[in-house]
Every structure is written in structure tokens, then in C-alpha cells.
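Assemble the whole structure, with the sequences as input and the hints as a guide.
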Amino acid sequence: MSDSAGYVTTHILDTANGCPAANVRIVAYRIEGDRREELVDISTNHDGRTDQPVIGKGSLRAGVYEIDFHIGDYFKARGLESATPFLDVVPVRFGIDDAGEHYHVPLLASPFGYSTYRGS
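The letter at position 20 of the sequence shown is residue 20 when you use the UniProt record's numbering, and the numbering goes up by one with no holes.
Hint data in this document are derived by calculation from the structure and do not stem from the laboratory.
These numbers were taken from a predicted model, which means no experiment stands behind them.
Beta carbons are placed, not taken as given, at the ideal position from N, Cα and C, and that holds for glycine.
Worth double-checking, as some hints may not be accurate.
[What the hints assert, rightly or not] Simulated DEER-style distance windows between Cβ atoms:
1) D47 <-> V92: 36 to 42 Å
2) T15 <-> P91: 29 to 35 Å
3) V92 <-> K57: 18 to 24 Å
4) V64 <-> A5: 17 to 23 Å
5) R118 <-> Q52: 16 to 22 Å
Below, the structure written as C-alpha cells:
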């Protein structure tokens, strides 16, 4: 097992409109017990990706992480959601076994549903 050479990326696709989800706020955390340590607060670019890894080399170690996708604001800005969105912040909690690997955590979202998986 390597330490600190790996990183985490993401990509958000708007499945309601068939396009990348631009300008979505993403906050990533390291989870230790009941404590969440914020690592980054960034937004997606025009391609639904971040311009840098969500969790970069040197910050990744084995353990539990969470990415909060603020998708409700995105759909409200597009006029696809009411004042109280069905999905607001989508938290994805995942584990890292090998801090030397690349982990990709994509989100496919519509105003009323989402899915995720470990991508490549």
C-alpha cells in the first residue's frame, strides 16, 4: 500500500438535460469517528469536473471520506426545481483502502434522483 500518492476526482452529469453540471459546489471531508474535517470547497467547471483533484496528492490516506454535492442550487438556477428542492445536498461517503490509487467518484443527477459508482 502506498501513502499519499493517490487522489480523488469527480464528474457531475445532469441526466435531466443530458449535459455536464457546471458551477456545482462540492465540499470534501475526511471522516474520523463523528468528526468531519473539511479538505476542499470548490465548484465544477463547464465540463462538470473540477480543475484540480477533489482530494489531491499528499492529502489522501486510507480511511473514510465524504463529498457533499450541492446539486439543489444547480437545478434551482436552471429553473428545474422549486424553492424547496427534493434533492438539495447529496452526500456520498466512501472508503479508501489504498492511498496510492486514483479514485473517481462521479455523480449522475436529476432533480429527483441520483446514482454514483467508483469510476476510473
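Here's how the hints hold up against the structure:
1. A beta carbon spacing of about 19 Å between D47 and V92 contradicts the range 36 to 42 Å that was offered as a hint.
2. For T15 paired with P91, a C-beta distance near 19 Å fails the hint of 29 to 35 Å.
3. At roughly 21 Å, the beta-carbon separation of V92 and K57 lies within the given 18 to 24 Å, and the hint holds.
4. Checked against the hint of 17 to 23 Å, the C-beta distance between V64 and A5 comes to roughly 19 Å, which is consistent with it.
5. A beta carbon spacing of about 20 Å between R118 and Q52 agrees with the range 16 to 22 Å that was offered as a hint.
Hints 1 and 2 from the list above are not met by this structure, while the remaining hints are.
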